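Residues per chain, in single letters:
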Amino acid sequence: MGMKTTQQEAYMSEFVYLYRSGPRPSRSPEQAQQEMQRWMAWLKDLTEKGHIKDPGHPLERAGKLVTGKARTVTDGPFAEAKDVVGGYTLVQAADIGQATALAAGCPIFEIADGAVEVRPVMRIG
Amino acid sequence: MELDDHLFRREAGRMVAVLTRVFGLHNLALAEDVVQDAFCRALEVWPFSGVPENPSAWLMATARHRVIDVLRRERTARTFAPEVGRLLESEWTLVPMVDEILAGAAIKDDLLRMMFSCCDPRLREDVQVALVLHILCGFGCDEIAAAFFTTEAATYKRMSRAKKVLAGSKQLFDLSNADCAARLSTVQRVLYLLFNEGYHGASAQSAVRADLCREAIRLVLLLLEHPLTAIPSSYALAALMHLHAARLPSRLDAAGNLTPLVAQDRTRWDGALVARGLQLLNQAASGSELTDYHVEAAIAAVHATAVHAEDTDWSRIVELYDLLMTLRPSPVVALNRAIAVAERDGAERGLEEIRAIANAECLIDYPFYHAALGELEHRCNRHAVARQHFHAALARARNAMEQRFLQQRLDACA
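Residue numbers (the working numbering), protein chains in the order written: chain H, 1 to 125; chain A, 1 to 414.
Simulated from the structure, these hints should not be mistaken for laboratory data.
Values in this document were obtained by computation on a predicted structure and should not be read as measured data.
Hints may contain errors.
Claimed, not checked - Heads up, incomplete: computed chain A residues facing chain H, CB under 7 Å, no partners named:
hint, residue
1, Phe8
2, Cys40
3, Arg41
4, Leu43
5, Glu44
6, Val45
7, Trp46
8, Gly140
9, Ala210
10, Cys213
To be verified - Footprint (simulated), chain A over chain H, 3 or more residues, beta carbon under 8 Å:
hint, stretch
11, 33 to 42
12, 52 to 64
13, 68 to 74
Glycine included, each C-beta is placed from N, C-alpha and C at the ideal position.
Construct the entire structure; sequences and hints are all you get.
If you want it as structure tokens, here you go:
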């Protein structure tokens with residue numbers, strides 16, 4: 001535990017991972033379970049190394065879009081779109097290089113158009 | 001919390017079966033979609049939330065929401081299961097009815113009824129086997145294709161056609177039906193074939209093969225839990241599977257090479273499975289019915305109880321094969337009998353028995369027919385002839401594992 005605290009102190013910067021992908025392909029139960037286990041193993045590893053500030057949440061793939069001065073409400077993004085944000089996680093790392101390297105282990109790259117957007121959280125004050 | 005291996009596969013079968021009782025067999029695809037949705041949901045949520053305390057209950061609760069949505073949305077457009085039809089019409093009865101069906105107690109029966117539905121006599125035997133794997137064991141078409149050496153597209157087409165046949169009846173097979181006994185013997189046969197595909201099948205991947213054996217055992221145990229299906233032949237089938245499965249760990253040596261029964265390291269046999277198998281065989285002995293499963297299990301028991309290969313009671317095994325030939329004669333059974341005769345009376349006698357097999361031409365493509373001839377000729381010191389047979393066997397090997405094994409036997413005749 002003491003180890004973790006020192007590590008956490010070393011990871012000064014915070015980043016948000018935005019998980020983007022196209023629709024999930026249909027898969028057999030065994031494949032779904034394996035994909036799940038890869039996700040959990042990846043997140044567990046990051047947690048054990050003290051990188052997870054907040055595991056975050058999954059997001060529904062479809063929602064509403066409010067746009068323009070008229071506050072027009074439309075459906076979107078569409079569930080079938082290629083780059084829908086499906087969830088986010090708040091991580092801490094030494095720098096963007098480390099944050100990016102850690103993201104490379106994410107299982108999302110195994111599905112079509114899978115991507116992790118790594119965005120530094122701006123420091124305020 | 002960690003997930004049990006293959007949890008989703010197990011849950012898929014259970015959930016599709018119980019949802020089909022709500023939706024009706026003609027809406028099987030709808031049940032499959034709802035189940036797929038529930039897995040998708042779990043895949044999205046669990047990495048963030050962690051695995052819930054009771055994953056099965058979480059999946060079923062997620063499916064329950066979707067089921068109620070679907071029923072409300074489509075109750076005017078579709079007909080659902082006749083046994084629940086009227087209850088769907090009113091909001092007062094819809095939710096309690098769904099909850100009653102989804103409540104645990106009946107689910108095992110639903111799984112059993114689904115198994116009986118999949119073994120529809122209008123379907124070919126191999127299609128029944130694939131359908132059981134697909135619906136009850138949650139195997140995807142690509143996974144079935146890998147196990148049975150066919151393409152995903154062909155499997156998909158066959159499964160779609162098979163589901164259309166099932167859709168002809170609106171509800172799951174009724175176990176109190178007069179056809180239950182006849183259908184049970186088809187179900188047993190399908191589970192037997194499923195197990196054998198795993199045990200002897202041509203798929204080279206041992207993981208795939210072990211999966212098939214494990215699923216067959218899971219389903220046969222389900223037969224033993226229901227009074228209508230827990231009959232002596234079901235016990236005999238279960239005994240047979242346990243006794244064979246006990247030998248699985250030693251069928252391959254450390255290098256992944258196939259090891260024949262007599263050369264296996266018997267200390268690696270799974271003692272718990274042997275004990276369970278013998279106990280099941282005992283339970284199978286009640287009543288007067290003697291089936292081919294009884295006899296095959298008895299043969300497996302003779303092997304399982306011989307501490308060393310030399311201790312094997314080959315006379316007893318020949319007798320049992322004689323009996324099996326009266327119950328279920330086939331060229332493969334005759335071949336196995338001939339091999340047992342060779343062990344009892346010597347290689348020359350074994351060769352005579354092989355030459356005497358009726359319809360031996362059915363065995364022409366079976367690599368182990370040629371391998372048996374090669375083995376016995378080799379024992380008679382006719383090495384050139386033996387080599388010819390092993391060459392013929394090699395040419396028919398179905399995977400790299402068989403190839404290595406046969407090559408090794410060929411080299412031994414040099």
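Per-residue hint verdict: A:Trp46, partner chain H, C-beta under 7 Å: Result: holds, 6 Å to nearest chain H Cβ.
A:Arg41 as chain H interface residue, shortest Cβ-Cβ below 7 Å: violated, 9 Å
Supplied contact hint for A:Gly140, tested at 7 Å Cβ to chain H: Where the cut-off is 7 Å and the nearest Cβ of chain H is about 3 Å from A:Gly140, the hint holds.
Hinted contact A:Cys213 with chain H - closest CB pair below 7 Å: violated, 16 Å
Evaluation of the interface hint that places A:Phe8 against chain H, nearest CB under 7 Å: holds, 4 Å
Hint validity - A:Leu43 Cβ closer than 7 Å to any chain H Cβ: Because about 5 Å separates A:Leu43 from the closest Cβ in chain H, which is inside the 7 Å limit, the hint holds.
Residues of the stretch 68 to 74 of chain H with Cβ under 8 Å from chain A, three needed, outcome: violated (count 0)
Proximity test - 8 Å, beta-carbon atoms, the stretch 33 to 42 of chain H to chain A, at least three hits: holds (count 6)
Agreement of hint A:Val45 with chain H interface, Cβ distance less than 7 Å: With Cβ-Cβ at 6 Å, under 7 Å, it holds.
Hint validity - A:Glu44 Cβ closer than 7 Å to any chain H Cβ: At about 4 Å, which falls below the 7 Å cut-off, the nearest Cβ of chain H leaves the hint on A:Glu44 intact, so it holds.
Interface hint compliance - A:Cys40 to chain H, C-beta minimum distance less than 7 Å: Holds, because the Cβ-Cβ distance from A:Cys40 to chain H comes to roughly 6 Å (cut-off 7 Å).
Coverage of the stretch 52 to 64 of chain H by chain A, judged on three or more residues with CB within 8 Å: holds (count 4)
In this structure, the earlier hints numbered 3, 9, 10 and 13 are contradicted, and the remaining ones agree with it.
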